[in-house]
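Visitor: Given next are the chains, with one letter for each unit.
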Amino acid sequence: MDFYTKYRNQATLRVAGFVALLIFLTLGTGWALYVSQRVNMMTILALMSFVATLAGALMVPAITRIIEPVKDIWQAVQHISPHGESATAPSADEVHIGKELVSNLINNIYQLASVVEDIEKTNAKQAQDMHVSFVANSLPLPLIVLDDKETIVYVNEVSLKYFGIPADELEGKNVYTAFDMSFVNDKTLTSWLKEARHDSVTANANWERVRIGLPGQKDGKQFDMAAHYNKSNPMGYETLLVLFDHTDIYSQDDQSMSFVALGVHELRTPLTLLRGYIEVFDEELGPSLTPELKGFMQKMDASAQQLSAFVDNILNVAKIEDNQLTLQLHEEKWEDVLMNAINDLSLRASVRGITIKTDIATDLPTVGVDRYSIYEVIANLLDNAIKYSKGTKEIYVSASLNKDGFVETSVKDFGLGIDSSILPHIFDKFYRNHRNRAQIGGTGLGLYLSHAIVQAHSGQISVNSKVDEGSTFTFTLLPYAKLAKDDKSGDTTSITRGAHGWIKNHSLYRD
Amino acid sequence: MDKDTATTTPKLKKVLCIEDEHFISELYARALTKAGYDVDVQLDGQKGLAAAQADTYDIILLDLMIPNITGIEVLRTLRNPAKTPRFHGKIVITTNLEQRDDVRADIERQADGYLVKAEITPRQLVEFLSTLETSVQ
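The listed protein sequences derive, respectively, from chains A and C.
For the first sequence, position 431 (counting from the first letter as 1) is numbered 431 according to my numbering, and the numbering increases by one without interruption.
For the second sequence, position 59 (counting from the first letter as 1) is numbered 59 according to my numbering, and the numbering increases by one without interruption.
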């Protein structure tokens, strides 16, 4: 028997019992008085009415008990209604009839209420998620969200379109595994995040000209990138990256780079011929020339070489500016590389009556260098030393292993020297020694270039100078063994680097 | 001033110089002939490629900015055995055109040498070609 039927039967039984009692008492009273014949009919009817009323009054508490469940159910409904926290919770203990029914109903009411509450919460969350997703997907820019492990936790639809792969190939991956990112200077995402985590609760940053592509993709797009960092975001969204695709603008710059390349091509053709003919004349006529004419020939050759070196400087600076100079670091014997450059520069030195003296340690470890780029560094430092020698006749080049385990190379001249106020800017682009500007030609590109190239080799370049006593430029290079050990890319034959010491979010720079 | 290179006979003898700048090819041909090489010159890509496919050259000096067919296309065709089955020689790029580093690396992978003409003299070119012989039995 269910609780309701039980309750109905109990209630019916009680009501029927009371009604029977009422009828019995009323009729019994009337019948007794009628048999005794002591009172008239009117009195009998009055007494019967009185007994009926009395019996009816006695029924009220019983009926109250029957409707008691309604009160408890009402209280339960009140309790769960919005703002009903202050209402009294029902208690089925006081219920006499239909206790099981009431307990059951109240339980059901509370269960339903909790289900409704869950649904409401879920709906609210879904609504919020929908809002977030709506905003993220309406953003006409790629958005990438990272957690505190730099794992991609969300990418919007625009990102997927840009990179042309489904979300599940990006989400859950480390951002550096998912993308190749390269920056124009050493402020990288990694270095900024490290700083932000250390110093800030929230932080913002911007980058220009970040190359981002899928691993192995040849032409990554070029973006400006904005980042927001939030240390304790409850959703675990620590870093938001928004990308602005400026590939078109920057590729226009690349076109201007092509313009530089074209200009350089036009300069190089006559230079090739000039150097070729000088060589022919030198070979054919050299033995018969007077010392003076022979000297002129050498000066002509040295000038052509100098022009060729300058053209290379222009190109390399343009490449650095466009984040296009990549270096392939190979294991090289430093003495060979150094002597090769010195030999090439010796003609330029000798036509000015200068001798380059060398002191190269014999037990130097091999170094990891890009032969072409590091040549530019030596050539530029020697070229400067030659230019600023001011009548002095010697330049010293030395190389040794310093106490920090770096291969240290110095180029020392005894010429004009550099004023101390100028030294801090000496590696800036187009910066030149003002005092000497009028006396010595040059563009101020060489040291800027040298600085960038040495940095890209994980080395340091510095200068020590005193006016009228000369200058010593010193740069350091990592022994190859150390470089290869630090580089975790696993490729031991060649290590790819960009200029500026910037990063191909290279494992070398990762924590 | 004459170097030994002028008197020794190179193992890789036949050279084709594909170069549109006549003065440069003339200078190179002079230096190479003096060093004992047989040199043919072609002034554009199409004729250069045809010559390379018709004859057997040991070394091809290939400029990149040349008329009709670019040097890069010539390089690709020569390195494709289906198109140029007879050619097994060395290819040395001689150019003054500056490439993006990745493009240059790509070209270097397919060639046996990559020289910037403004940075070398004809004699240095001869010296470079003699180093190619060390890889030839």
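Just to be clear, a hint being listed does not mean it is correct.
[Said to hold, decoys possible] The calculated DSS-like cross-link candidates involving lysine-lysine, where the alpha carbons are at most 30 Å apart (straight line), are:
1) A:K299 to C:K34
2) A:K6 to A:K121
3) A:K99 to A:K121
4) A:K294 to A:K333
5) A:K333 to C:K90
6) C:K34 to A:K294
7) A:K187 to A:K221
8) A:K466 to A:K485
9) A:K429 to A:K187
[To be verified] Covered stretches of chain C, going by a simulated chain A footprint (3 or more residues, C-beta under 8 Å):
10) 93-100
11) 113-119
Rather than coming from a laboratory, the hints here were simulated on the basis of the structure.
Where a beta carbon is used, it is the ideal one built from N, C-alpha and C, also for glycine.
Visitor: Now tell me, hint by hint, if it's right for this structure.
Guide: Cross-check of the supplied hints:
1. A:K299 to C:K34: Roughly 26 Å separates the two Cα atoms, so the pair holds.
2. A:K6 to A:K121: The given pair, whose Cα atoms are some 38 Å apart, is violated under the 30 Å limit.
3. A:K99 to A:K121: The given pair, whose Cα atoms are some 33 Å apart, is violated under the 30 Å limit.
4. A:K294 to A:K333: Given that 30 Å is the threshold and the Cα spacing comes to 35 Å, the pair is violated.
5. A:K333 to C:K90: holds (27 Å)
6. C:K34 to A:K294: Satisfied, since the Cα-Cα distance of roughly 23 Å is no more than 30 Å.
7. A:K187 to A:K221: Given pair A:K187, A:K221 holds - Cα atoms ~19 Å apart, limit 30 Å.
8. A:K466 to A:K485: Answer violated: A:K466 to A:K485 is near 38 Å, above 30 Å.
9. A:K429 to A:K187: holds (19 Å)
10. 93-100: holds (count 5)
11. 113-119: holds (count 4)
Consistency note: the structure conflicts with the earlier hints numbered 2, 3, 4, 8.
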